[in-house]
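K.L.:
Heads up: the protein sequence lines correspond to chains W and G, in order. Mapping to UniProt numbering: the first sequence position 241 is 241, numbers consecutive. Mapping to UniProt numbering: the second sequence position 8 is 8, numbers consecutive.
Hint data in this document are derived by calculation from the structure and do not stem from the laboratory. Ideal Cβ positions, reconstructed from N, Cα and C, are used throughout, including at glycine.
Cβ pair distances, simulated, as ranges:
1. W:Pro-44 to G:Glu-25: 47 to 57 Å
2. W:Asn-6 to G:Glu-25: 19 to 29 Å
3. G:Asp-105 to W:Gly-45: 51 to 61 Å
4. G:Gly-125 to W:Asp-246: 25 to 35 Å
5. G:Ala-212 to W:Asp-210: 54 to 64 Å
6. W:Pro-266 to G:Gly-189: 33 to 43 Å
7. G:Ala-120 to W:Asp-210: 40 to 50 Å
For the chain G half of the interface with chain W, some residues (derived, Cβ under 8 Å), not all of them:
8. Arg-31
9. Asp-35
10. Met-75
11. Ser-76
12. Thr-77
13. Gly-79
14. Ala-81
15. Gly-83
16. Arg-121
17. Thr-176
18. Lys-177
19. Gly-178
20. Arg-179
21. Ser-181
22. Gly-184
Going by beta-carbon spacing under 7 Å, a handful of chain W positions derived as facing chain G:
23. Ala-77
24. Phe-79
25. Leu-112
26. Thr-116
27. Glu-221
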Amino acid sequence: MKKLINDPQDVVVETLEGFALAHADLVQVHTDPAYVTRTGGAVPGKVGLVSGGGSGHEPLHAGFVGVGMLDAAVPGAVFTSPTPDQIAPAIAAADGGAGVLTIVKNYTGDVLNFETAAELAEVEGITVRQVLVNDDVAVEDSLYTAGRRGVAGTVAVEKIAGAAAERGDDLDAVAALARRVVDNVRSMGLALTACTVPHVGRPSFDLGDDEIEIGIGIHGEPGRHRVGLEPADALTEKLLTPVVEDLGLTGGEQVLLLVNGMGGTPASELYVVYRRARALLAERGIEVTRSLVGNYVTSLEMQGASVTVLRLDDELTALWDAPVHTAALRW
Amino acid sequence: MTLDAAWAVDWVRRSAAAVAEHRDELVELDRQIGDGDHGENLDRGFRAVVAKLDALDAPPASVGDVLKLVATTLMSTVGGAAGPLYGTAYLRASKTGAARELGADGVVALLEAALDGIVARGRAGAGEKTMVDAWTPAVAAAVEAADHGAPPSAVLAAAAQGAHTGAIATVPLVATKGRASYLGERSAGHLDPGARSSELILVAAAQAAAAAD
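One chain only, chain W, in its complex shape (with noise of 0.2 Å):
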């Protein structure tokens, strides 16, 4: 394992620390328990929005707390949810009297723990929607698992969610846009290569030279099926085709397209990717409005991408569109 760590059991606070010392005009860090928050607190009378899940997805979650977006992120350790002691306290911290909303990844852990720490919260007077992302298409028979996995399609969900909260939306309207949302987008993702969790030390799954592993989730999981590698345009269809039919797209449409590079993977081979997605989606008569192409929901060094497609409408697209200033989203 060749990595720019010192100790594998603290790079996740280490990662905190600098993250900390590089946008402390954007967000606080609290190390005891460890979650993030907007610099300021919270705002009174605004929805509160809080995310979180397994570090190792950098720039996910905490990457994007700040005006327009979360509150609060919670980071768990390397591709670990974090626990109900850390949410909870991080849910009370973004509480500005209006109510809090939970994102969640629909991960086990993820969804145990925040549910849990909803209870908790709520016990403390709080009132708790929470959402849950699942947004991968790859999960095929989600009634023989546990169910689809929320993947990069949560960037969406959250930007489109703090557009709301900050606008003065209440909880259950905000709730409800970050619904639209889940309902509307579809992900899928491949990785040539595995990742290497700093605790581990070795590959989370092995893998031929030849070979790439197509439906893979963001935890450095193997994916549903292993094929040899092809041509990037070739692999490109394999990945949106299934997301469009199962949005069920037709022509005439507006949609978002997202490009996310799994962490190893350089910003031109996304181009190429997006390049492709972009002639598919127009052979069928789809317009793309907006695009994002970048590392934003990542499993460590991992070399692959996924491809997220959006169902924009008027309002999706305004809120989309709103200001938003995170560390890793700006505009």
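Starting from the known structure of chain W, fit chain G onto it as the hints suggest.
P.N.:
Only chain G this time, still in chain W's reference frame:
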């Protein structure tokens, strides 16, 4: 022969030692069908439990007190799915262990409460390739032993054997709950890491009881 708080403390310390000893094995099992953090997370949690036990001014008065300390510590240090699942198991079990001394029936009630907690929290049933598949035969074996008049140590020995059998039986299963479920058919052929760690913990319980005899 009955079991008391001293047994529970010994159980916890033996569990911590077993998890530490098998940390890399659990990591490797989880790496094959999950994300490879199970051994690391449980080891971190049980080390924290032992540190809390070491820091106590007075020994805990009841089995329930010990198990409650385990529950809250695991919930706040393990994370992932294992933290809430084991945390709930110990929390439910702690409610049955308020008495100072546990007989065979008390041990059975403790194990049943733990299994009920895991099932309720994880919404998993038998045959889904999870820790439930170790706990279900463990509880069944414990019930049978108690029904035949076995003392607590023999009840726990039976539970440990049941957990072992159940864990091994997860190998051919296709996972339908938890991280491994995403692998579908490819999850078959691997021992479930949660079932394996459950076996380690129940073997520790039996060893602690044998030592107390």
